[in-house]
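Model the full structure from these sequences, guided by the hints.
Spelled out from the first residue to the last, the chains are:
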Amino acid sequence: MGNFITMGIIKTEKLVFEYIRRDEEGNVEGITRAVDEVDLDVEPGSFIAILGHNGSGKSTLAKHINAILYPTEGTVWVDGMDTSQEKNLWDVRQSAGMVFQNPDNQIIGQVVEEDVGFGPENMGIPTQQIWERVEESLKAVGMYEFRKHSPNKLSGGQKQRISIAGVIAMHPKCIILDEPTAMLDPNGRKEVVRAVRALNAAEGITVVLITHYMEEIIHADKVFVMDRGKVAMEGTPREIFSQVERLKELRLDVPQVTLLAHELQKSGVNIPNGILTTEELVEALI
Amino acid sequence: MLRDITLGQYYQAESVIHKLDPRVKLIATITFIISLFIVDNIAGYLIAAIFLVCVIRLSRVPFRFMIRGMRTIVFLLLITVVFNLFLTPGEPLVSFWKLTITKEGLRSASFMAVRLVFLIIGSSVMTLTTTPNNLTDGMEKLMNPLKFFKVPVHEVAMMMAIALRFIPVLLEETDKIMKAQIARGADFESGNLIKKAKSLVPLLVPLFISAFRRANDLAMAMEARCYRGGEHRTKMKPLQYKRRDAEAYFVLVCYLAVCIGANVYL
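Protein sequences appear in the order of chains A and B. Under numbering that gives the first Met the number 0, the first sequence is numbered contiguously, ending at residue 285. Under numbering that gives the first Met the number 0, the second sequence is numbered contiguously, ending at residue 265.
In short, the hints are calculated from the structure, not lab data. Accuracy of the hints is not assured; some may be wrong.
Claimed, not checked - Dumping the calculated DSS-like pairs for lysine-lysine here, alpha-carbon to alpha-carbon at most 30 Å:
hint, chain 1, residue 1, chain 2, residue 2
1, B, K234, A, K172
2, A, K229, A, K62
3, A, K13, A, K152
4, A, K152, B, K234
5, A, K152, B, K178
What the hints assert, rightly or not - Here are some of the chain A residues that sit facing chain B, going by a computed Cβ distance under 7 Å:
hint, residue
6, I124
7, Q127
8, A201
All residues carry an ideal CB built from backbone N, CA and C; glycine is no exception.
This is the structure we're talking about:
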């Protein structure tokens, strides 16, 4: 089963997942390969981004890490545990917390603090420790003063931060965010990304951010771009963004600054590849 | 507009009754209702009335909130009174046309009316002073022995809690769908009852679809957070009996004893 010492916190080997479509009688109509022989290896404490347009298989991949889906072929290890083994199920889910897309559909409690306490309650943590965990998690995402509020009255960004707090209260080793910003406005998006980066930097939690917003991945340590179930590109954000043409082929929007830099470069201006921020472009031009 | 609907009918106030454990309040309400059916004379009802008035004063909830619940049962109350009044056989008191009011009829009609009114006010005191959350917690704890008979107590309580959490979300959604349909020319206002009911179809179908989608997402989110039913689960806010709860139980027992005593000796 491989070497535990060199194994990353999340590792997949030749991971394949097939959706089987059936007609009304239950006969197989067709098989869709949502994830096709994906090899991932995520180092503990790193910030990983997975990019891809709709239907590229990135959400399906994410659900494997949390043992919501099991591989058709291949293996997924989380912290050295094989996710397809029944006995590992709850440990896997505790080690790899998951935040979903729709903020309304993942908050269970009627009061913010109760929702954050839901995970630890399920894990059978003693009452006193639940309160400690809830407090520290809400503080980590900057939502402590909202602890007595009803989640219904909060903004989308605030709700997502509560969902993140709910996951970190379970003390996971890594957290997977499945398009957490897709339903938010630009301000909410910034709020959430800032909270996630802070967690990664301050607490050393491994982050896997799944998104199709390019701006959110410029701080990632490593980026995987998915297309039709396969990993199409892999590298640092700078390496990825220096291949503008390839990204366009994969139907991904390149950030405006990068695109501008690329166009300038094409028309003969001497600037380096893979410009990520406005500041960098200004620097390169002066 | 739909957002203004308040859930349950909790009335926020600082009082002893509010602070009581929900289990005490549930048991007290049931006991009170039983006592109403035990007592059979004016003295008994007087005792019940005094008890009720004391509890209402202690709860610091304005009396008009208690009567609010009455509106729903006015019709039931009227029927009960009329039937008891005219259809009880006994010594005739007044008689006109084909109807006779008997002495026994008058007695049972007024007792029945008092019973119903007290019953509604008594249960309103509970719902007005307990948050829905607390109420489900209390029910779960009280029903716990039923687990022995394979009643899914925890699951039912969890369902109630989730329903309460999603009512505002779904109301908001209804509002949104309604506006979307109105923008496309749907008419929810005019027509007779049948027409109005029919016009709700384009509202209910999308609402149901979205509710199912939400349920699916929520189930996944709960599983991802290690939810596996009630076993091995701890509570963030466990219910714990305090001194005042014991005192409340004592008062309750005294009340019941007095009620029974009044029934037997007076």
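Here is what the structure says about each hint:
no.: 1; hint: K234(B) to K172(A); in the structure: holds (24 Å)
no.: 2; hint: K229(A) to K62(A); in the structure: holds (16 Å)
no.: 3; hint: K13(A) to K152(A); in the structure: violated (44 Å)
no.: 4; hint: K152(A) to K234(B); in the structure: holds (25 Å)
no.: 5; hint: K152(A) to K178(B); in the structure: holds (21 Å)
no.: 6; hint: I124; in the structure: holds (6 Å)
no.: 7; hint: Q127; in the structure: violated (10 Å)
no.: 8; hint: A201; in the structure: violated (22 Å)
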